[in-house]
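Novice: If you want the building blocks of each chain, they are given just below.
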Amino acid sequence: MKILVCISNVPDTTSKINFTDDDTKFDTTGVQFVINPNDEFGLTRAMWFKEKQGATVHVATVGGPSVEPTIRKALAIGADEAIRINAEPTDGYFVARQLAEVVKNSGYDLIIAGRESIDYNGGMVPGIMASLLDMNFVNTCIGLEIVGNQATAIREIDGGKETLQASLPLVIGGQKGLVEESDLRIPNMRGIMMARQKKLNVVEPVDAPSLTIDKKFEKPAPKGPVKLVDPDNVGELVTLLHNEAKVI
Amino acid sequence: MSVLVYTESYNGKFKKNAFEVASYAHAVAQKMGSSATAICFNAEDPASLGNNGVTKVLNVENDNLKTFNAKAYANSIAQAAKAEGAKVIIISSSADSKYLGGVLAAKLNAGYVPNVVAAPENTAPIVVKRTAFSNKGFAHTEITAETAIIGVSNNAFGIIEIKASASVESFAPTLGDADFSVKSIEVDKVVGKVTIADADIVVSGGRGLKGPENWGMIEELAEVLGAATACSKPVSDMGWRPHSEHVGQTGKPVASNLYIAIGISGAIQHLAGVNASKTKVVINNDPEAPFFKAADYGIVGDAFEVVPKLIEKLKEFKAQNA
Chain B
1 MKILVCISNV
11 PDTTSKINFT
21 DDDTKFDTTG
31 VQFVINPNDE
41 FGLTRAMWFK
51 EKQGATVHVA
61 TVGGPSVEPT
71 IRKALAIGAD
81 EAIRINAEPT
91 DGYFVARQLA
101 EVVKNSGYDL
111 IIAGRESIDY
121 NGGMVPGIMA
131 SLLDMNFVNT
141 CIGLEIVGNQ
151 ATAIREIDGG
161 KETLQASLPL
171 VIGGQKGLVE
181 ESDLRIPNMR
191 GIMMARQKKL
201 NVVEPVDAPS
211 LTIDKKFEKP
221 APKGPVKLVD
231 PDNVGELVTL
241 LHNEAKVI
Chain A
249 MSVLVYTESY
259 NGKFKKNAFE
269 VASYAHAVAQ
279 KMGSSATAIC
289 FNAEDPASLG
299 NNGVTKVLNV
309 ENDNLKTFNA
319 KAYANSIAQA
329 AKAEGAKVII
339 ISSSADSKYL
349 GGVLAAKLNA
359 GYVPNVVAAP
369 ENTAPIVVKR
379 TAFSNKGFAH
389 TEITAETAII
399 GVSNNAFGII
409 EIKASASVES
419 FAPTLGDADF
429 SVKSIEVDKV
439 VGKVTIADAD
449 IVVSGGRGLK
459 GPENWGMIEE
469 LAEVLGAATA
479 CSKPVSDMGW
489 RPHSEHVGQT
499 GKPVASNLYI
509 AIGISGAIQH
519 LAGVNASKTK
529 VVINNDPEAP
539 FFKAADYGIV
549 GDAFEVVPKL
559 IEKLKEFKAQ
569 NA
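In order, the protein sequence lines correspond to chains B and A. Mapping the first sequence onto our numbering, position 215 (from 1) lands on 215, and the numbers just tick up by one. Just so we're on the same page, our numbering is the position in the second sequence counted from 1, plus 248.
Keep in mind that the hints were calculated from the coordinates and are not lab data. Only a predicted model underlies this, so the values are computations on that prediction, with no experimental measurement involved. Note that CB positions come from ideal geometry on N, CA and C, so glycine has one too. Worth double-checking, as some hints may not be accurate.
What the hints assert, rightly or not - Calculated cross-link-like contacts (lysine-lysine; reagent style DSBU-like; alpha-carbon spacing at most 30 Å):
hint, chain 1, residue 1, chain 2, residue 2
1, A, K264, B, K246
2, B, K16, A, K541
3, B, K223, A, K377
4, B, K161, A, K441
5, B, K227, A, K561
6, A, K335, B, K215
7, B, K227, B, K246
8, A, K431, B, K161
9, B, K104, A, K330
10, B, K246, A, K557
11, A, K411, B, K246
12, A, K526, B, K216
13, A, K279, A, K377
14, B, K227, A, K566
15, B, K50, B, K2
16, A, K377, A, K335
17, B, K50, A, K431
As the list claims (entries may be wrong) - Which chain B residues face chain A? A few, computed with CB under 7 Å, are given here:
hint, residue
18, N121
19, S131
20, N139
21, E162
22, T163
23, K219
Produce the entire structure from the sequences given, and follow the hints as far as they go.
Specialist: Shown next, in the form of structure tokens:
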């Protein structure tokens, strides 16, 4: 089985968010970048397939040279080869189009992307990619088994879960649940040393449009101080929620 | 040129978000000097969408589409958009709508923006405000493609009642075997409980609850309020509660009218997941818990004493206001 895991380079989950250039750009000052958590669950599931069932795992990302430490981490975790598409990601369509080009004619049986990146939260890359490639697609995937050419996937739905079956090739939008949090891997020294020897192919992007533009960003308005209620007078909270906040 | 809105239903009944996206579509259509047409699948009462400003409903009556199927639904919606000449398509930001959003965008070569929190600021070209950076910020996004898909966040726009009736037409999209190549074999859905996605109120517990055996009071509080239950990441990681209740940056986002956090300190990743909620209440015995900085109302106290009292007071309030 040949697997491609699509990786997004995102600010660490503890990052405070700021904007520059008159609030038109994300401020990267002091921000540490990591593998998008939803992609990390997918990468770990891909490693599981490699170890238990035999698979070749490639990782791909769209980004400039600055994303290489993130993709090297994926190699240190155990991916066999990496592909960096040498372009700044502009929107979900552009990214999906670039990744679809990598998949075309490469014979991947399974393509795993995160359900969304935790920065721009578009959540459209796996769906657009699957559609452009005319491949089967399961989103918000929290379980995946593959026997021969058949995949059984579990996806999270509002208020429950759904089990689906589809033949390969298949595109997955993955998330927490594909593997347990405790199964996520931290690269060890041997992995880091080996990653240096692994192939990191840089490919040039294909000509593709962006269909959306983020014109401006803003942060939520600052909150006023919390209104504290005496624990011996809980009834006051009920009154405030009814009369002031009007939510009950 | 109409605005097309996909209104979700389950077992023939419209979901709550269907009325919200219909209201949104009506607002967009008015702004564009147009009308709103809805597409729904096997809905029992399609004409009722007139109460939210939709003037025409295309009801797809097809037994193969009784349960959601992303590819077949996206293909049907794309055909309806072409038939109606719709260049603006409104969907929700539910799990199902996000599943079909990307597929539909590729089919229509459309610019797709999910998690939209307000009516468009501009309609030529369309500019919408959406959440980004896991609710730590907002983006004002312009759709440059000829066709636009707007995914409306739950509870962001609200439901507008108009009291009118919509005309209903049957719509029969052309679908083939390829549209059903992903097969649903089992749906395991909690029945009779409010889900986080639909909830106006969410009651959430954290490590301060000390163990899963103490969740009874969270559930009782949720029941009194007609709320959904949720939890913080450590709680789901420890297996006290299922993953599906995990709220936060890597879990479910919550955009309820009221979010009550009990025994949750308020890590930045958790706050990111609940920032979109309108009113936040925190109950924690640690006055230094970061959640107090993000909350509207707070009680510094022992959850095991405060929550039972709160349940009692809410029951009294309900009895008085029944």
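Novice: Are the Cα atoms of K161/B and K441/A separated by 30 Å or less?
Specialist: Holds, because 14 Å separates the two Cα atoms, which is no more than 30 Å.
Novice: Taking 7 Å as the limit, does the beta-carbon of E162/B come near enough to a beta-carbon in chain A?
Specialist: holds (5 Å)
Novice: Given the hinted pair K411/A and K246/B, is their Cα-Cα distance within 30 Å?
Specialist: Holds, because 25 Å separates the two Cα atoms, which is no more than 30 Å.
Novice: For the pair supplied as a hint, K223/B and K377/A, is the alpha-carbon distance within the 30 Å limit?
Specialist: holds (20 Å)
Novice: Verify the proposed pairing of K335/A with K215/B, using a straight-line Cα cut of 30 Å.
Specialist: holds (21 Å)
Novice: Any CB of chain A closer than 7 Å to the CB of N139/B?
Specialist: holds (4 Å)
Novice: Would the pair K227/B and K246/B pass a check requiring their Cα atoms to be no farther apart than 30 Å?
Specialist: holds (15 Å)
Novice: Hinted pair, alpha-carbon criterion (30 Å max): K227/B, K566/A. Please report holds or violated.
Specialist: holds (23 Å)
Novice: Within a Cα-Cα threshold of 30 Å, do K50/B and K2/B meet the stated pairing?
Specialist: holds (9 Å)
Novice: Check whether the Cα positions of K50/B and K431/A lie no farther apart than 30 Å.
Specialist: holds (26 Å)
Novice: Under the criterion that the straight-line Cα-Cα distance not exceed 30 Å, is the pair K264/A, K246/B satisfied?
Specialist: holds (20 Å)
Novice: What's the verdict on K246/B and K557/A, does the C-alpha distance respect the 30 Å limit or exceed it?
Specialist: holds (20 Å)
Violated hints: none; the structure is consistent with every hint.
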